[in-house]
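Engineer: Protein chains in written order, with full-length UniProt numbering: chain A, 1 to 223; chain B, 1 to 282.
I should point out that these hints are in silico values taken from the structure, not numbers from a laboratory.
Think of the CB as a built atom: it goes at the ideal place given N, C-alpha and C, for glycine as much as any other residue.
It is possible that some hints are incorrect.
Each pair of labels, with its calculated beta carbon distance range [what the hints assert, rightly or not]: (1) A:Ala129 - B:Val178: 50 to 58 Å; (2) A:Val207 - B:Val178: 39 to 47 Å; (3) B:Glu247 - A:Leu130: 42 to 50 Å; (4) A:Ile22 - B:Glu247: 52 to 60 Å; (5) B:His126 - A:Ala129: 36 to 44 Å.
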Amino acid sequence: MNSKQQLTVQFRSSLQSQASIISNNLISVTDHLSDHRDLLSSIVAYPGPEYPGRTQESMLQQLLRTKLDPRVEDWVARGRTAGTESSQSSRGFPGTIPNPSGPATTKQLSESELSELWNWAPIEANQEALQRNWGGNYTLEEREAGIQNVVTGLRRQLEDDDASEDEEEGDEDEGEDEMDVVGVHRKSGGGLEFEIAPHHPHAVTPVVPLDKILRYMTTGHMP
Amino acid sequence: MHELLLFASVPVHQHHGLLQQLAGLTAMQPRHALERRLIFKAFRKPGLITGRVGGSQDLQQASAGDLQRVNKMLNGGMFYTQVVGPVSEKDFAPASKSASAPDADTKMAGMDESKPSVLTQPDNAHVYDYDQQAWKLEFRDIPEAATRSAITTRVMASAALPRGDIEPSMNAWGYGFVTEYLVEGDVFIHNDIVIFLHRVLHYPTGEKEPREPRRNLPALKKMAPLEKTGSYVLQASITVQDGSNQETMKTASQHLLGLREQLKSAVRLEPADRLSLDTRAK
Chain A
1 MNSKQQLTVQ FRSSLQSQAS IISNNLISVT DHLSDHRDLL SSIVAYPGPE
51 YPGRTQESML QQLLRTKLDP RVEDWVARGR TAGTESSQSS RGFPGTIPNP
101 SGPATTKQLS ESELSELWNW APIEANQEAL QRNWGGNYTL EEREAGIQNV
151 VTGLRRQLED DDASEDEEEG DEDEGEDEMD VVGVHRKSGG GLEFEIAPHH
201 PHAVTPVVPL DKILRYMTTG HMP
Chain B
1 MHELLLFASV PVHQHHGLLQ QLAGLTAMQP RHALERRLIF KAFRKPGLIT
51 GRVGGSQDLQ QASAGDLQRV NKMLNGGMFY TQVVGPVSEK DFAPASKSAS
101 APDADTKMAG MDESKPSVLT QPDNAHVYDY DQQAWKLEFR DIPEAATRSA
151 ITTRVMASAA LPRGDIEPSM NAWGYGFVTE YLVEGDVFIH NDIVIFLHRV
201 LHYPTGEKEP REPRRNLPAL KKMAPLEKTG SYVLQASITV QDGSNQETMK
251 TASQHLLGLR EQLKSAVRLE PADRLSLDTR AK
């Protein structure tokens, strides 16, 4: 489990560094453009006389376009709306998740970011849960490192004694209307699908498979 | 006629809950059903019986249309076929003889003893009369091969049969009695879908396997489920009169798939294994 996790962690950190390189480059480009905005807007470009205007006309058109390509225009529009949305929502909508790592850097998530998070989180959590032996509020690593150092971001105190955990588990087993989530997977059309089944304390799975029963009903051959 | 089907296996612990869910879905109370099902198997090569069927005087009573249909069904090939007879709980023997015996004794004390055999039954008890048992012949073809893989589709036909002892008639048609069992379950109707939540019950073992249909029914409590844990089979079916009409067949299968979607969180309705519904006699 550790090696696999380490791999994914490494993969993620390299992704992050790549992303930051890209964004740094973009920032320097936009800085240049805005710094020399006056100069650049008063420049007129035209081809030299030796340019093969007849044969390479389309290339020339591309280079000297004053308007943006329709495709690019779409990108720009999308970027603009995304920018205004996030700046609007960062003004503080109630109901968004506060970042626990520090109030100074608190950033509100936009609607689309939230839905993205909710789409992503159940599957990740499910996979994470499958890898670990869950049963308490703290992981083994956290407990070994000392639970007082764990930053939970929660205002209430988490309990950490085994007796209370056992009690809770016992209570859960007695509840008859419990639903068990037996699996999470993506729907073909997008979105999530939870497979739930009523939790039953005395579940009995049939011994004779359905097709054997049907065969008996059709021909009278004992399964 | 064509029949479109979906099946699901229902563990016994889920049975009660599912009954309630189905009652809610269909907005009707379950209609309890008990059916005797006799399995017959063809022993004659097809084509030997031509035109008119002799040997069954009783059949003359059946309508001419039924006669024709029965002939067509029976001469098509070598098939297993079912004869279904609805019964009611009253048709079964009283639950336990040990409990009813003292009653009979107290009654007997002051009564005329000339008819001791009748007195084992209370006077007002309903007695199962095999000679008045209604029967229906249900022919089912092997499901069509993978044309609509999401749903089991098969040709079906049924016809009314004369009441009473059906075996001589069936023998005359070239069908031999194989076995019989009881189907116990509940029927729901949801628009054009018939939902039948049922299970197979065996007659008590111990007695030797009879060579002909039973004339008497044992106590219902002595019947043992074929599936030892008592699980049920959920069958959802739509009957289509004109199977060659692609439009109706499509609508019907869409309705069935819609039901599957509605019941998804409760049971997983699936097409049956084609060979498990193979009615051809080899």
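Engineer: Please flag the earlier hints that this structure goes against, numbers listed from lowest up.
Structural biologist: 2 and 5
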